[in-house]
Each structure stands twice: as C-alpha cells, then as structure tokens.
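J.: Residue numbers (the numbering used here): 3 to 225.
Be aware that one or more of the hints could be misleading.
Within a straight-line C-alpha distance of at most 30 Å, the following computed DSS-like cross-link-like pairs (lysine-lysine) qualify [claimed, not checked]:
# : residue 1 : residue 2
1 : LYS111    : LYS125
2 : LYS196    : LYS162
3 : LYS29     : LYS78
Quick caveat, the hints were computed from the structure, so don't treat them as lab data.
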Amino acid sequence: MNTYKLQENTLIERIRLHYLEDYDISKADADILARWEAAHALVLESSETDQNIVKIMMRRFNISNVCAYNDIRNSKNFFGDVRSSNKQGIRYIVTQWAIDLFRMAKQAKDFFGMVKALERITKANNLDNDDQNIPDASKIQPPVQLLTMNFDFINSPRFKLIDDAAQKALLQLYDEFMAQVMITPLAEYADVWKINESARPDKKRRGPSKNKRCPVCHCSKQK
Numbered sequence: 003m004n005t006y007k008l009q010e011n012t013l014i015e016r017i018r019l020h021y022l023e024d025y026d027i028s029k030a031d032a033d034i035l036a037r038w039e040a041a042h043a044l045v046l047e048s049s050e051t052d053q054n055i056v057k058i059m060m061r062r063f064n065i066s067n068v069c070a071y072n073d074i075r076n077s078k079n080f081f082g083d084v085r086s087s088n089k090q091g092i093r094y095i096v097t098q099w100a101i102d103l104f105r106m107a108k109q110a111k112d113f114f115g116m117v118k119a120l121e122r123i124t125k126a127n128n129l130d131n132d133d134q135n136i137p138d139a140s141k142i143q144p145p146v147q148l149l150t151m152n153f154d155f156i157n158s159p160r161f162k163l164i165d166d167a168a169q170k171a172l173l174q175l176y177d178e179f180m181a182q183v184m185i186t187p188l189a190e191y192a193d194v195w196k197i198n199e200s201a202r203p204d205k206k207r208r209g210p211s212k213n214k215r216c217p218v219c220h221c222s223k224q225k
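With these hints in hand, go ahead and build the complete structure from the sequences.
T.: The structure is reproduced here in structure tokens:
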C-alpha cells in the first residue's frame, strides 16, 4: 500500500528546494547558504587547501574553526566536490588549453609551438595509443600460483598406493627442495623435512629377470 510521506524539513532539503524551485528560506538558512557558496567559490577559484580556506572563512564570516570545516564539507556535498572531478573533465580542460596554444602559435607562425601543442592534445586524449579500451598488458599482474605439499604424505602408507611415475615425480620434487634448503641458513633445520628413506622404491625387489631372450628369435630361455 502506498502512503503519503511528508518531505523532510532539513536544512539541505530547504536549500535544495530554494535552488531548484525558488522556495523562500529564512534569514538563518540564507546566511548558511551564503557561507556554502563562498566556500564553494574558494574551492573553485583557488588552489588553496581546505585548511587555508577555513582560515579565510573564519575571517570573512567571523565563525569558528569547526563551523568553517562543516561549511566546506556541506558545500562539497551540496555543490559537488570539484577536486574529485573525473579524468575526462580534466582531460577536456587540458585539451582546450592546448587548442588555444595551438591557435596562438599558428598566428605567430611558430611551427615548433604548434607541434608542442599538438603533442599535448595527443597525449591528453591518448591518441598515440592504438586502442584506449585495450588494457596495458605490462600492468596486468598474473595470479600467483602456490603449490604446497606435505612431506608427511611421502612417509604415509598411501604414498605406496599411487603409481610409480607419481612417486618418482614427488620424490624428485622433494630432492630438489632439500638441495635448495641445504644451501640456505635453514640447512640446520633440514631434519624437519626429512622423510623416511624406506619410502623410496626398493630397487632390490626389481632384480634382473630369470628368463633370457634369444638374440635371434627373441624366444624365452630358462637360465
């Protein structure tokens, strides 16, 4: 069910209606609005920091430090924070300045100045790149892949259940790891990663076959 809701009677709402719909406001609200407009103008027209703008506001309106900071914050919320304008707006301003410089250089027949102005326009608008929408591959960081292995698995009975190729690969990885450890200050703690040598394949179990093949017909011959 839709219900009627009264508009909030807040300071910023009253000033918003005054700006957009020419509503009347009280003298107290008008005084606050004047301070907001002054703070907004100071942000627009100068490169001063908020701290310096606060000092100017305190002298001009005879207000406290806290009140001045509140006015600056409220003006940014109401009018928009000009200092956080997007890059596209800044790019437009730089481009317009560069165009003006190009025109002046052209009138003065300053070909070097014309070239420099064109360089500024090109760089400001990224016209020297083939496609602005393609990301720079040099700035893309690939994900880090970390392989972890618990060497206790090699000592477990389950290690013997995997195929020989996997056992060989894991043992080779272990040997390479231990070789690196032994040339570092961690060598004295190498026992922490030591495995049971019985985990390695028993070569004695795989002795030479008792059957020999004839070198001519390759038939089996009993020894």
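J.: Which hint numbers does the structure go against, in order from smallest to largest?
T.: Nothing - there is no hint that the structure violates, so all of them hold.
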